[in-house]
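**Student:** Each residue of the sequence shown is one higher than the last, beginning at 1 in the numbering used here.
Don't take every hint at face value.
If you anchor each label on the Cβ, the simulated ranges turn out as follows [stated by the list, open to error]:
1. P146 x L391: 26 to 36 Å
2. W386 x V20: 49 to 59 Å
3. P293 x G327: 46 to 56 Å
4. W79 x Q268: 23 to 33 Å
5. I110 x W386: 48 to 58 Å
6. G53 x V14: 47 to 57 Å
7. V14 x W386: 50 to 60 Å
8. P293 x V210: 29 to 39 Å
The set of hints was computed from the structure by calculation and includes no laboratory data.
Cβ coordinates follow ideal geometry from the N, Cα and C atoms, glycine included.
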Amino acid sequence: MSISSSAPHPSAGVLGADAVARALRLSLIEAPFFALMVGFGETYFVACAVRLGASPLQLGLTVGLPLALGSAGPILALWLLARHRRRRPLVALSAALQATSLVALAAADIAGALDPALLIALACLYQTCALAAGTAWSSWYGDLVPAQGRGRYFARRNRRVQVATLASVLGAGTLLQVVEGGPVVVSEIAGWGFRSIFLLGALFRTVSAVLLWRSPEPAFAGLSSPERTLRFLRTDRGRGAWRLLGFGAVFQLTTYLASPYFTPFMLQELRFTYFELTLATATVIAAKILLLPKWGQVIDAHDARVVFTLCAVMAALVPVPWIFGHGLAMALFAQAFSGASWAGYELSYFSVMLASTYRRTRPQSFAAQNALNGSAQLLGGLAGAWLSSRLGGDFRMVFAASAVSRLLLAAAAPAWLPHIAPGVPIGRRAVLLRVVGFRPHGGLIHRLVLPGSPAEEESGETAEESRADGGAAQSRDTLGARD
């Protein structure tokens, strides 16, 4: 799904300096409210499912189904933008619907109607809105932030998100521990801890939605046509991009054999309290925050494909400590290693992805990534549930199966990954990230901000497309905004 016109919306003008400054300032204020919603909301969906007595299959669906159905969010966003060409209403409405889903969770629990099935359904709504909002927001602020200051601005915004998320995870976990008293519901006010954190998450997202609505939006120039995207897929870069997307999806499948079951394992088998679970969750977040810049330096100094392969091996080893270890110390070590591994995996993946695509086709490429990954994550979670049932509920054996399958896939990475064209800018200076949410396997999850690119890239894009389809591309329209 794509946008086929490059003319600005007739009612939208070019923003003046004051309006741009106001939008950037409001986004810095909005960022921590978004992060507080993440920490008080989706981070504890799986723990809530455990409290509700979810089966292994339902636990797999709690994680996998929202991601699979949520992958329709970016496609829906592109379809709506093709017709209405306004990003701010889409982002603000999606944020408001996220808040509504959290209110509905709390209200259903208060009414005694919340069960794993309803939790999964509301999580699906929440995740679809999250991914739709993220797609439109990335385009909005990718256009808005001045080119010369993009790296500094998004780094500053991400620091606010990271600090606020870590604080909210600790705050929500402490509240759960005080109110719920442990991993098993035993008191007559049981459940009020989860109801409270979900209502707080809804409040924070509501403030976020208001700030987004009040932020100015520049004229939207549009994205590439379907024909241009098809031409790209026939180029060497296009074929390389599909190989990378395929690898990433299969790796997610093997990851989600285990990912939905770490939280149940801690609460049910290791008998962690909610505060111990919170410490483990905060550890993976903190490790990722601290090591993401270091991995950027490594990618700047070395071939991104080599770094990606190394990080795939590290991510493959993440389940190993859970197979043999016991207790909080093991969990903290395993979570720290997980955060370090996934920080490098994400950053190197995006570096290779940038080198394998062009600006105009990146929204469609990342929409395809969301769809492929979401389907793979759902299949992985279901396969993990099936394995668990066949193995008598032994999560450690499921973790072992995930580790072995990941290692086999990581070993094939050098032959599977696309080659990077000489001179293509990659590394931390080219990769602008935004936090989009929380995943059990890797803490905070990032996606690329998709700003415009220099004219040199566009000329290279047109030349490669021309070679791919016999020169016809040169006579066709060139679409999209230029910096």
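**Student:** Each hint: holds or not?
**Tutor:** Structure-based check of all given hints:
About 55 Å separates the C-beta atoms of P146 and L391, a value inconsistent with the hinted range of 26 to 36 Å. In this structure the hint that W386 and V20 lie 49 to 59 Å apart at CB holds, the actual value being about 52 Å. Checking the proposed 46 to 56 Å range against P293 and G327 shows it is violated: the Cβ atoms sit about 31 Å from each other. Between W79 and Q268 the beta carbons are some 42 Å apart, a value that contradicts the proposed interval 23 to 33 Å.
The beta-carbon spacing between I110 and W386, approximately 34 Å, falls outside the hinted interval of 48 to 58 Å. Between G53 and V14 the Cβ separation comes to about 56 Å, which falls inside the hinted range of 47 to 57 Å. Under the hint 50 to 60 Å, the C-beta atoms of V14 and W386, about 55 Å apart, fit the expected range. The supplied range of 29 to 39 Å is met by P293 and V210, whose beta-carbon atoms lie about 32 Å from each other.
Going down the numbered hints, you'll see the structure goes against 1, 3, 4, 5, while the others check out.
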